[in-house]
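Modelling step: build the complete structure from the supplied sequences, incorporating the hints.
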Amino acid sequence: MPEIPEKLARTLENLELISDRSERIQLLIDIANRYREVPQRIAQRPFPEENKVPACESEAYVWGERRPDGALDYHFAVENPQGISAKAMAAILEDTLSGAPPEQVAAIPQDIVYRIFGRELSMGKSMGLMGMVSMVANLAKRAAPSP
Amino acid sequence: MSEIESRGYVRPEVLVSTDWVADHLKDPGVRIVESNEDPLLYPSGHIPGAVEVDWTRDLNDPVRRDYLGRDGFQALMRRLGVTPDTTVIFYGDRNNWWATYAYWVFQLFGHDNAKIMDGGRIKWVNEGRPLTQEVPSYPASDYQAKERDDKRIRAFRDEVLRHVEKKGRLVDVRSPAEFTGERLHMPEYPNEGALRGGHIPGAASVPWARAVNAEDGTFKTADELRAIYEGEVGLKKDDDVVVYCRIGERSSHTWFVLTNLLGYRQVRNYDGSWTEWGNLVGVPIER
Numbered sequence: 000m001p002e003i004p005e006k007l008a009r010t011l012e013n014l015e016l017i018s019d020r021s022e023r024i025q026l027l028i029d030i031a032n033r034y035r036e037v038p039q040r041i042a043q044r045p046f047p048e049e050n051k052v053p054a055c056e057s058e059a060y061v062w063g064e065r066r067p068d069g070a071l072d073y074h075f076a077v078e079n080p081q082g083i084s085a086k087a088m089a090a091i092l093e094d095t096l097s098g099a100p101p102e103q104v105a106a107i108p109q110d111i112v113y114r115i116f117g118r119e120l121s122m123g124k125s126m127g128l129m130g131m132v133s134m135v136a137n138l139a140k141r142a143a144p145s146p
Numbered sequence: 000m001s002e003i004e005s006r007g008y009v010r011p012e013v014l015v016s017t018d019w020v021a022d023h024l025k026d027p028g029v030r031i032v033e034s035n036e037d038p039l040l041y042p043s044g045h046i047p048g049a050v051e052v053d054w055t056r057d058l059n060d061p062v063r064r065d066y067l068g069r070d071g072f073q074a075l076m077r078r079l080g081v082t083p084d085t086t087v088i089f090y091g092d093r094n095n096w097w098a099t100y101a102y103w104v105f106q107l108f109g110h111d112n113a114k115i116m117d118g119g120r121i122k123w124v125n126e127g128r129p130l131t132q133e134v135p136s137y138p139a140s141d142y143q144a145k146e147r148d149d150k151r152i153r154a155f156r157d158e159v160l161r162h163v164e165k166k167g168r169l170v171d172v173r174s175p176a177e178f179t180g181e182r183l184h185m186p187e188y189p190n191e192g193a194l195r196g197g198h199i200p201g202a203a204s205v206p207w208a209r210a211v212n213a214e215d216g217t218f219k220t221a222d223e224l225r226a227i228y229e230g231e232v233g234l235k236k237d238d239d240v241v242v243y244c245r246i247g248e249r250s251s252h253t254w255f256v257l258t259n260l261l262g263y264r265q266v267r268n269y270d271g272s273w274t275e276w277g278n279l280v281g282v283p284i285e286r
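Protein chains in written order, with numbering that gives the first Met the number 0: chain A, 0 to 146; chain B, 0 to 286.
Incorrect hints may appear among the rest.
To be verified - To give a feel for the contact side, a few chain B residues facing chain A, derived at Cβ under 7 Å:
1) Ile3
2) Glu36
3) Asp37
4) Pro42
5) Ser43
6) Arg56
I should point out that these hints are in silico values taken from the structure, not numbers from a laboratory. Since the model is a prediction, treat every value here as computed from it, not as a measurement. Even glycine gets a Cβ: it sits at the ideal position worked out from N, Cα and C.
Written out as structure tokens, the structure is:
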């Protein structure tokens, strides 16, 4: 079983060290402020439906850009200006998974959403965020070398 | 006549404008409550003086699938410093979807002195009005809550089954793909919490967000709403109507529209919704 990519594992550990809910929320808001929209060389509006995350009410989109070594850089767009959680998720996934071995990214469990945001998420919100994870994992699966 | 009154609603007093809220930020008889789907939004900035009611933490029973009981609601209202005379103004993200949900839960306890800020959070933000990260604190009240009344505006599965059998009116407010059940069959799609896809037999499909203007999140006029719910779907004001979605949140928005803006007398929200119906053994389903 591939391990969680190292940088993501460190981020999850750091988040889990923060037991105070408001501190964790503040950190996630700061992370959301680091969100960067997909570069224009990769995609421009209107973004293609095939890159849209299913179940995400914040209208998130995901792209993978292949590096020479076969790993992917992940890019995101969040169209809902109020979609702060989706932006935080995008910033974390872009920062911690870009360049990671695709076979590791392909095996990321969806429940990292709860490790990042806590259990107190609405069903719709958790499904949308999990949709972002599964979309990234699927892009990695297609890029991973055949076993 | 205010702009909201000019839209022809049966109960225009259940809505207030962003201007009205801006004029009442320091009104001690008003408590502004933000209620969002996104838990990061309120801490990132909110209307000055607004408190947060979080649906997951504040309005649900922590163990069983149900809303909080009388004691929990009383404790919440006391913490928010709300008295029976306080006018509670709800607003939130996603076209006030969560705000109307909180409003609906407050109605279960008979706190009628409540309104929705038309256009919700996005309208306030887009108008360049102030936001703050400062969380206010109000003196606790001695609010005496009534028992929760589940009869009037809430429907349970057995009641819905009887409603289906007598060919009662139902409105499914989910997306068309959820209504047809297509989503549950999509590959690589996150689990929607139901074993079966489709809708409750006889339900009409009217996605909830059709009731708002996409450009600014305000509610459509009464004539426009009637064109949708009566012209397209054939509802009538005296119909006994059950509305539902996946867990009863989006449908609380439609409940609000039918009950308050169009003056329907018998609308109940089935909060068990598709996550219950789509998992029940033996109940009828349509696709």
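Against the structure, the hints:
| no. | hint | verdict |
| --- | --- | --- |
| 1 | Ile3 | violated (23 Å) |
| 2 | Glu36 | holds (6 Å) |
| 3 | Asp37 | holds (5 Å) |
| 4 | Pro42 | holds (5 Å) |
| 5 | Ser43 | holds (5 Å) |
| 6 | Arg56 | holds (6 Å) |
Of the numbered hints listed earlier, the single one contradicted by the structure is hint 1.
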